[in-house]
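> Residue numbers (the UniProt record's numbering), protein chains in the order written: chain A, 1 to 343; chain B, 1 to 403; chain C, 1 to 445; chain D, 1 to 254.
If you're looking for bench data, these hints aren't it; they were derived computationally from the structure.
Just so you know, these numbers come straight off a predicted model, no measurement behind them.
Check the hints yourself; a few may be wrong.
[As the list claims (entries may be wrong)] Derived SDA-like pairs (lysine to any residue); straight-line CA-CA distance at most 20 Å:
1. C:Lys287 - C:Glu229
2. C:Lys331 - A:Gly73
3. D:Lys106 - B:Asn244
4. C:Lys282 - C:Tyr196
5. A:Lys79 - C:Gly338
6. A:Lys167 - C:Gly305
7. A:Lys55 - A:Leu148
8. B:Lys157 - C:Glu392
9. A:Lys128 - D:Ala148
10. A:Lys167 - C:Lys282
11. D:Lys7 - D:Lys27
12. C:Lys201 - C:Thr230
13. B:Lys321 - A:Leu148
14. C:Lys309 - A:Phe166
15. A:Lys77 - C:Phe413
16. C:Lys201 - C:Gly227
17. A:Lys77 - A:Asp65
18. C:Lys287 - C:Ser253
19. C:Lys404 - C:Ala306
20. C:Lys404 - C:Ser253
21. A:Lys61 - C:Phe413
These are the residues of each chain, in order.
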Amino acid sequence: MEAIILQFLNGLDKGSAYALIALGLTLIFGTLGVVNFAHGALFMIGAFCAVTLQKILSLSKVTIDPTKTDFLGNPAKVKTPYVQEWFGPDVGAFIIDWSVPLALILAVPVMIAVGVAMERGLIKHFYKRPHADQILVTFGLAIVLQELIKYFFGANPIQTPMPEAFKGSFDFGAAVGIDPNVIIYPYWRLIYFAFAMVVIGAVFAFLQFTTFGMVVRAGMADRETVGILGIDIDKRFTMMFGLAAAVAGLAGVMYGPINAPNYHMGMDFLVLSFVVVVVGGMGSLPGAVLAGFLLGVLESFASMEAVLNTLPGLNQIIIYLVAIIVLLTRPRGLLGRKGVMED
Amino acid sequence: MLGLNKKDTNLLIIVAIMTMLAPFLLNPFPEGSALAQFNAGYPDLMQRFVIFGIFAMGFNLLFGLTGYLSFGHAAFLGVGSYAAIWMMKLLTMNVIPAIIMSIVIAGLFAVVVGFISLRRSGIYFSILTLAFAQMSYALAYSVLTPITGGETGLQPKPNDPRLLDPALADGVTPRAGLFGLEMSSSTELSIGGWVFTFNAGYYVAAVVMLIAFYLSIRIFRSPFGMMLRAIKSNQQRVNYTGLNSKPYTLAVFVISGMYAGLAGGLLVAMDTQVGPERMFWTASGEVVIMTILGGAGTLIGPVLGAGLLKYMENILSKINKGVIEGWFAWAPDGLDSVLIYTVNMFVGKQWHITTGVIFMLVIIFLPGGLVELGKRGARVFRRRDRKGLGLEPDAAKQRNAAE
Amino acid sequence: MTKLNLTRRGLIKTGAVAGAGLAAPQLLLADGHAGFTNAPTGSTVTLGFNVPQTGPYADEGADELRAYELAVEHLNGGGDGGMMNTFSSKALQGNGILGKKVEYVTGDTQTKSDAARASARSMIEKDGAVMITGGSSSGVAVAVQALCQEAGVIFMAGLTHSNDTTGKDKKANGFRHFFNSYMSGAALAPILAANYGTDRKAYHLTADYNWGYTTEEAVRTSTEAMGWETVAAVKTPLTQTDFSSYIAPVLQSGADTLVLNHYGGNMVNSLTSAVQFGLRDKQVNGKDFQIIVPLYSRLMAKGAGANVKGIFGSTNWHWSLQDEGSKAFVKSFGTKYGFPPSQAAHTCYVQALLYADAVERAGSFNPCAVGAALEGFEFDGMGNGPTLYRAEDHQCFKDVLVVKGKENPESEFDLLEIVEVTPAAQVTYDPAIFGGDLGTCNPGA
Amino acid sequence: MGILEVKDVGKRFGGLQALSNVNLSVKENSVHAIIGPNGAGKSTLLNCFVGKLIPDTGSVLFEGQSLLGRKPHEINQMGVSRVFQTPEIFGDLSVMENMLIPCFAKRDGSFELNAYGSVASQRDVQDRAEQMLIDMNMIDKREEHAAALSRGDKRRLEIGMCLAQEPRLLLLDEPTAGMARADTNNTIDLLKEISDTRDITIAIIEHDMHVVFSLAQRITVLAQGTPLVEDTPDNIKGHPKVREAYLGETQVAA
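Pulled out of the complex, with its shape left as it was, chain A reads as follows:
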């Protein structure tokens, strides 16, 4: 029983990552009608914002320490990060320690800029092109972006640890008075979950309660009519793209401490997030969130030892199996609208 509760919690946490990415994809698809295969790359760029900031903060002054030797037996070079030079060792170390949360601040403008540049520079020209062309050109872009990241950062994963304060895990069992050690969960993953909830809530609130959001929602429903009303929907859509990129980027920054960022993390998530979006129903924001959680939970259940003993390999295919079943029984996904993406 505890095992099931634990996997359920874990699935929700996992699902929050899926839901966040799928939400961004759906925002873009729903507003602009563009299938953006480069969305995973935006997620990756977000994570690399954290890597970059960490590298910048760790930029060091190199001094030779004659008392020590390096691996070749030469006098060792000692690196002192400039932030420690400037702010003192403790404050400096603290700043470096907090580079991931700080990266959130960096990532918002960077990601909006990347998103807007992408929309104005490339996506804009594909509004009238077939969906297949949109998929393919953004797929090409995703390849180029990931290879560029690899060119500059290498293929190896780069750790972006969470601040010391958030290390360790929370013991649910001990908190509610049952066996300790049975239901534990890392703090950072709980933070990630809360963060995802806040972002998802904020996006919904933004679309629901602001004028901007209302116009965009109207545009999602009927672009032409909104255009006829004399509203410059294009500008708003560009901003939506920036917003979606920022959501993806923030998700990436926060994901860094969970799994060390590497250049192919975007592609790793891409297929999965598309499955999530399609299962949820193309263009449906609640659908994307629902499907994200659903797949997260099912994936977690499928990885249980008891399940794998009866159905070996189920963890390999669960996501796809769910996708096939959902699409066959609910042709437009869980909450999809009729007539979307069927041409």
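The hints should help you fit chains B, C and D onto chain A, whose structure is shown.
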């Protein structure tokens, strides 16, 4: 000739001549010259050109004609390969049963996948095919290891049963052949500084490719092919014209899967080993890229696209820093390092960037692919606009108008 | 930098140009004149370095390539000679191999067996490589080894740890210097017993493919032999990136030790998750919870960062070894590139030298002669102590390092510390246990 | 007994009763128009004839056989063709190919794996399609891209494609909607000619009274999902209920 009109016959003859003369055409630079780096006339790559040409041709029958974008076509290639290698392990190293079985098994698998996936269209169809391919890949890599060999794949071993073959002499490696003609045997012709290699396997694959190409032309020009284009153009009208689009799409899906299976079987015939990454989704993405690069919906485009992509993969990736330094040895200091740095970003281990950039450029500026490029080039030379009379249906226009 | 000259079969070219010129095309039977594939006929010999340049192991591949470039430099008499000075065999003169200057071509395996075979074939068919070496996974090693057997060239495996490479998939033309899963298990078990006691309950997470299976089996067998109990073994998909759902139930199972039979990105992610879940701060069955990573590499340790601290594993070689061979190699590699070599670099460098030495001793590039020279060859001074290239399965037997993530690293490379050097005798096994058939050497032609 | 017999057909969409108690009989070789104000359920009714919708209640018989539950292509193969409000043709294909497809469908049925023989070699079908284009007065446009045709030509082509199948019942859904006057008149002439020269029944849904009164022999007036009245054009014109429900509002004189 052969039931084709004049234009198609000409195209077939040109392709036949080009494939037969490929060992010359692909080795334009003499051995030992700095440009020999760019020669592609060695057996492995020539074989890959024609085999992936077949794969892309088959994919194009589905995507180019009906507009159904399968994102899991590599699964059929993989299944075909496994079928072929098992024939070689169980029956004989002769490539014919292996190739036949690869077509049959891939076709059967395509019936199942197609029957389910074709219940949906658009991106839902793409995701369904992707899901099947990813499941095939994941299972082949892991729990199906007893059948697929898992990560390390399958190769013929000297102690396999091989019911039809005489026992191998001690220590002899089993080799794929065609009634005694070994696929790996080659003859070399040396003229001046040039060396040309004629490989038995390549010619077998090339002949198969020509047959596949011929069949693909026939399908394009047949009533069946026309129905498929009609389905792509307006499925509603197809249904209200008394045509049942389901069996049409399923039939072409299966044919397309059989082409992929044939390509998989040939891969094994040329190089007797299979690994599961052949079915990974990026491999399916690759055939999409090939087809689009060359020109979807055109006859020759996919073959050209396959050639271009395989050329980049095999030639660009081998240009390492040392080679580039050799090229720019003439440049003055400073300039050479700039040049080396710039070029290095696009070749060797960075060849994916080049592929990605070229692919994007094609999608943005040349939706009809290389074929459209050729046409535009030809148009510059010919004043008279021969619209509607060209060798190929105007792919770009079709693709754009369709959706 | 070595200038590459991609000449193939120098004699053909020279003969044709000097002789009839353009007038008389000659028809030659494939390589038939030389007796073996790609016999070097001019003043140079071409080696093929087939390493992952793209894909997740690209950094490891880059390190392998650095090692090969260094080896070529040393073979051609450049640099400080590196391990050629400490190598027990003195056949190498620093004048290339058999007096022929060593040149090389590179290929990208992409860590996919198809791509690896394609690039190997291109090096054999187009560039005339007489030996192929490199790689960073067992799938690729087995695939390329089989290819080299068919083509009639020698394959000197790079980083490949699965038992299969010199077990059920062994080939007469293939040779492996790197250690394997079995050896990892055999070397680790006594150290684990000494440090963690003999009544542990182990929970295995295993990458769901061949290498994972053999590694799990090796570690299980050897730890169970000392009294450990295996409470669960769960297979994880290769493509998994978030291991939380596999890590979360570990504590509940009553296990007090987690064994991560993962490599590369899998290992970095699973270890990161395990540490995040705070497993190492827990006490189970009255014992501190422990994590074990059977196969370590420095690049992985770097990727996993601080998470590796205090975690046991095994490795083929480590730059902090203090024998003369290792010191010489670290010095010449470090001087050239500015950082110490990885174990992948080490094994590749050693393989290149071993091949060259075998050719010198055999007096021929013929793969059968080279194979015979390598079979049963005993050597020392290459960083792993006295080593035997066993004739029965073409596997090197040498000391295995048990290492631990360093608690207080002094530099960014100082991630692992050597806990124990397990002597070769302790990890030697009967070649028959993994089956397979070596066959006979194939010189091609 | 008419060629098309509609009995007690009802159809609900959620809370909306789109059709109720529709009874209708279309006589063989007649032109029967179904008119009614917007939202009267005309298109819904038509969709029930062609297999796009299945009525909740009632029956639809074509030549005595039920059409319910059959797929559009099956109904078409039984001899019912449909012309859409906006011409549905194969825009990517040439005019000739557009015409060839129904000819093949007529000859080969709903599916034929004719993947080897070339289109050009099928003389019988080629001749038929050519004849049809001549009949439609479109032979000079045979190689043109269908998408490039004018609206009127597209309609003409679509009607031709339907006729190529020799249907016994031709359903037209506002065939002149959005057409210029000249094109409308051409279409009326074409339909008149078809009705006069061919052994065919035409059922037409139309908004434009000019078209209706030029063509129809019988008219059914639909209002709020139910037939109000069915009669000859002359009687319909003077029918007070019709004037009230329909004509009066739209101010269209015949």
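> All the hints need checking, so say for each whether the structure fits it.
Each hint tested on the structure:
Simply put, C:Lys287 and C:Glu229 have alpha-carbon atoms about 15 Å apart, close enough for the 20 Å limit, and the pair holds. A distance of roughly 9 Å separates the Cα atoms of C:Lys331 and A:Gly73; the hinted pair therefore holds under the 20 Å criterion. Only pairs whose Cα atoms come within 20 Å are accepted, and D:Lys106 paired with B:Asn244 is accepted, the gap being roughly 13 Å. Proposed proximity of C:Lys282 and C:Tyr196 is supported: the alpha carbons are some 15 Å apart, at most 20 Å.
Distance check on the hinted pair: A:Lys79 and C:Gly338 sit about 16 Å apart at the alpha-carbon level, within 20 Å; holds. Straight-line distance between C-alpha atoms of A:Lys167 and C:Gly305 comes to about 14 Å, which keeps the hinted pair within the 20 Å bound. In summary, the hint linking A:Lys55 to A:Leu148 is supported, as the alpha carbons are separated by about 17 Å, within the 20 Å threshold. Only pairs whose Cα atoms come within 20 Å are accepted, and B:Lys157 paired with C:Glu392 is accepted, the gap being roughly 18 Å.
A C-alpha spacing of about 19 Å is found between A:Lys128 and D:Ala148, which places the hinted pair at or below 20 Å, so the restraint holds. As the CA atoms of A:Lys167 and C:Lys282 are separated by approximately 14 Å, the hinted pair is consistent with the 20 Å bound. For the suggested pair D:Lys7 and D:Lys27, the alpha carbons sit about 15 Å apart, so the restraint of at most 20 Å is met. The suggested pairing of C:Lys201 with C:Thr230 holds, with an alpha-carbon distance near 6 Å, which does not exceed 20 Å.
Distance hint between B:Lys321 and A:Leu148 is fulfilled; the C-alpha atoms sit about 18 Å from each other, no more than 20 Å. Taken as a hint, the C:Lys309 and A:Phe166 pair is honoured in the structure, with Cα atoms around 18 Å apart against an allowance of 20 Å. Straight-line distance between C-alpha atoms of A:Lys77 and C:Phe413 comes to about 13 Å, which keeps the hinted pair within the 20 Å bound. For a cut-off of 20 Å, the pair hint linking C:Lys201 to C:Gly227 stands: about 9 Å separates their Cα positions.
Between A:Lys77 and A:Asp65 the alpha-carbon distance is near 6 Å, which keeps this suggested pair within the 20 Å criterion. Our distance criterion of 20 Å between C-alpha atoms is met by C:Lys287 and C:Ser253, whose separation comes to about 15 Å. The hinted pair formed by C:Lys404 and C:Ala306 meets the criterion: a straight-line CA distance of about 12 Å does not exceed 20 Å. The straight-line distance between the Cα atoms of C:Lys404 and C:Ser253 is roughly 25 Å, outside the 20 Å bound, and the hint therefore fails.
Annotation: proposed proximity of A:Lys61 to C:Phe413 holds, straight-line Cα distance about 18 Å (limit 20 Å).
Violation of the numbered hints given earlier is confined to hint 20; every other hint is satisfied by the structure.
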